[in-house]
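**Student:** Now for the letters of each chain:
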Amino acid sequence: MANNRENWGSKLGVILAVAGSAVGLGNFLRFPVQAATNGGGAFIIPYLIAFVCLGIPLAWIEWTLGRYAGYHNYGTSPSTYHIIFRKKKKWAKYLGSLGLLPPIFIIFYYGFIQSWILAFAFYSATGTLMDVVAQGPEKMTEFFGNYIMLKTCVGGIPVAIIFFLITFAANMVVLSFGVRKGIERANKICMPVLLILGLVLVVRVLTLPGIGKGLAFMWNPDISQLASPKIWMAAAGQVFFTMSLGMAIIFCYASYLKPKEDLVLSSLTASATNGFAEVIIGGTVVIPMAVLIAGANIEECAKLGTFGLGFQTMPYVFGTLPFGGVLQTVWFTMLFFAGITSAISIIQPLISFCEDDLKFTRKKSVTTISTITFIGSLTAIFGLAAGTVDELDFWGGTYLIVFVGMIQAILFSFVLGRRKVKDAKANGDFPAEVKADPNENEAFAAMNDGSQLKLPRFLRPIIMYVCPIYLIVLLVSFTATDGLPFITLSNVDPAATVELFGKTFSKIGFTWAFRGFLFVLFLLLNVAIAYAWRKGGPAEKGRSKKIKKMEIGNSDENMDKEA
Amino acid sequence: MNAEFSTGGLIFMVCSWAAIIGLCTFCFYKVFKKK
Numbered sequence: 032m033a034n035n036r037e038n039w040g041s042k043l044g045v046i047l048a049v050a051g052s053a054v055g056l057g058n059f060l061r062f063p064v065q066a067a068t069n070g071g072g073a074f075i076i077p078y079l080i081a082f083v084c085l086g087i088p089l090a091w092i093e094w095t096l097g098r099y100a101g102y103h104n105y106g107t108s109p110s111t112y113h114i115i116f117r118k119k120k121k122w123a124k125y126l127g128s129l130g131l132l133p134p135i136f137i138i139f140y141y142g143f144i145q146s147w148i149l150a151f152a153f154y155s156a157t158g159t160l161m162d163v164v165a166q167g168p169e170k171m172t173e174f175f176g177n178y179i180m181l182k183t184c185v186g187g188i189p190v191a192i193i194f195f196l197i198t199f200a201a202n203m204v205v206l207s208f209g210v211r212k213g214i215e216r217a218n219k220i221c222m223p224v225l226l227i228l229g230l231v232l233v234v235r236v237l238t239l240p241g242i243g244k245g246l247a248f249m250w251n252p253d254i255s256q257l258a259s260p261k262i263w264m265a266a267a268g269q270v271f272f273t274m275s276l277g278m279a280i281i282f283c284y285a286s287y288l289k290p291k292e293d294l295v296l297s298s299l300t301a302s303a304t305n306g307f308a309e310v311i312i313g314g315t316v317v318i319p320m321a322v323l324i325a326g327a328n329i330e331e332c333a334k335l336g337t338f339g340l341g342f343q344t345m346p347y348v349f350g351t352l353p354f355g356g357v358l359q360t361v362w363f364t365m366l367f368f369a370g371i372t373s374a375i376s377i378i379q380p381l382i383s384f385c386e387d388d389l390k391f392t393r394k395k396s397v398t399t400i401s402t403i404t405f406i407g408s409l410t411a412i413f414g415l416a417a418g419t420v421d422e423l424d425f426w427g428g429t430y431l432i433v434f435v436g437m438i439q440a441i442l443f444s445f446v447l448g449r450r451k452v453k454d455a456k457a458n459g460d461f462p463a464e465v466k467a468d469p470n471e472n473e474a475f476a477a478m479n480d481g482s483q484l485k486l487p488r489f490l491r492p493i494i495m496y497v498c499p500i501y502l503i504v505l506l507v508s509f510t511a512t513d514g515l516p517f518i519t520l521s522n523v524d525p526a527a528t529v530e531l532f533g534k535t536f537s538k539i540g541f542t543w544a545f546r547g548f549l550f551v552l553f554l555l556l557n558v559a560i561a562y563a564w565r566k567g568g569p570a571e572k573g574r575s576k577k578i579k580k581m582e583i584g585n586s587d588e589n590m591d592k593e594a
Numbered sequence: 028m029n030a031e032f033s034t035g036g037l038i039f040m041v042c043s044w045a046a047i048i049g050l051c052t053f054c055f056y057k058v059f060k061k062k
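These protein sequence lines map, in sequence, to chains A and B.
Going by this note's numbering, the first residue of the first sequence is number 32, and it counts up by one from there.
Going by this note's numbering, the first residue of the second sequence is number 28, and it counts up by one from there.
Calculated directly from the structure, the hints in this document are not laboratory data.
One should not assume that every hint holds.
[Claimed, not checked] Keeping only pairs whose Cα atoms sit at most 30 Å apart, straight-line, the calculated DSBU-like set for lysine-lysine is:
(1) A:42 - B:57
(2) B:60 - A:219
(3) A:291 - B:57
(4) A:42 - B:60
Chain A on its own, in the form it takes in the complex (with noise of 0.2 Å):
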């Protein structure tokens, strides 16, 4: 069982990797919009109880899933999943298989979005965005139309493609370098420039005239309003997105960390970091700015969504303040450094699977992985006015990961919950030199492990009771409100069409046309889980001992060094 895979440089490192996968686009723009439009200061209450009872206790489980999948040199769920089953139960890789569709269906269309950060950063710096915000909102509700839909173009070429190429070569470019010396130290960098660039804004608005206005709307508490299950739901539901919930990247890091390496204090700084992003800076920007400029519109500005508000009307609420287009730049900046952190962790919990399952090396799993990954956004890119990125976004960023949540708190509270350290280690389920108390359960020996700071006693039945039935409520309750007219696209016009490459289609028919797609893609997927768990297949004979365990840098320095 002994680890030789990459880990972390630091424990600084891991944290803001973690952070950095967090902070996203979710901070700056989904969190004003939910709390745009679910009441304001209403919104707040119940958002920070789902981030207490609900966001960092889930922080916790999948750490220390992800720790477990570590010590068995694995990094994503289906190999872990057959390891916690004991590979007793062939069913189990198959379950765990549904932990990486999310990260599959988001790669898809969040590269193309980040595409659309540093397009937009460009343009704000060379201040083609301030002459365009000079002609009305209208002029640049069109512009921004044009570029996303391709009818932007520089010698033909839509300038929509030639940005997500530098986008999509930048994120291969840092995950080709390795855990350490590419995703780490691209979120030492980008962290630090992102929550400064934050809060230049934050002193910025906190100092506009009339402020006061804005931070009513976000800030005075509305306590009648929290008879709403709506709110209730949409808050939790903004805690899941927001902290990289179920989206087996937490997972994947954690698998990452060091023997003895404390994970209830990381887990719990990642979480720290990612809320002060988000209560501070994202609660604190967007909706006040834009409250003061567009006043009673304000929830109509809101109803245009996470992209109307980020490339519209922020483009639009900044280019009206003295130095808008300097203040439009740190706003895309600071957009783009959250989105390429973000990106790294989306694609590198499929990297680890062709490393660890396939037992690929680095640049094998790199090239894979970009190839699928750019054939997918091509589907986002094209089918961007066909509601491809809805289909996915539903999918991979909202209902899958509620549910794989929700296996992974019923997994570590009541399998390796219920299950005995010293029996564990007997069977070789666990590593022998991990020091707990032999009638201390899995779950929790894992979480303390090395710990700096030990996981309080009066916190387990949140951990254990607590989260999987709040997980359980939401994902019946969001079943049956929002979800199933998506699902069953009732809410669908059965005349509505959409276009794709200039031929017309029923909507409906091409919606279950795309969701084939993806069921093919899903099927695939496990075919490639049934190939590493053969008789004898790659994944079954683990790591081979000839490479050595390398103090830094990526594997295929180890690879090389056997070769």
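For this one, chain A is given, so just place chain B on it according to the hints.
**Tutor:** Only chain B this time, still in chain A's reference frame:
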């Protein structure tokens, strides 16, 4: 929409910020503290 920022709102905002900044300070203090 034209409501003024109330004292309750100010207290709620300051307390929320203080809780999050306090949590961040506690965590980073522990992270950087030598064992």
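**Student:** When you check the alpha-carbon spacing of residue 42 of chain A and residue 60 of chain B, does it fall within 30 Å?
**Tutor:** Distance ~12 Å between residue 42 of chain A and residue 60 of chain B Cα, so the pair holds.
**Student:** With a cut-off of 30 Å on the C-alpha distance, tell me whether residue 42 of chain A and residue 57 of chain B pass.
**Tutor:** Given pair residue 42 of chain A, residue 57 of chain B holds - Cα atoms ~11 Å apart, limit 30 Å.
**Student:** Does the structure keep residue 60 of chain B and residue 219 of chain A at a Cα separation of 30 Å or less?
**Tutor:** holds (19 Å)
**Student:** Regarding the pair residue 291 of chain A and residue 57 of chain B, is the alpha-carbon distance no greater than 30 Å?
**Tutor:** Holds, because 16 Å separates the two Cα atoms, which is no more than 30 Å.
Violated hints are absent here; each numbered hint is respected by the structure.
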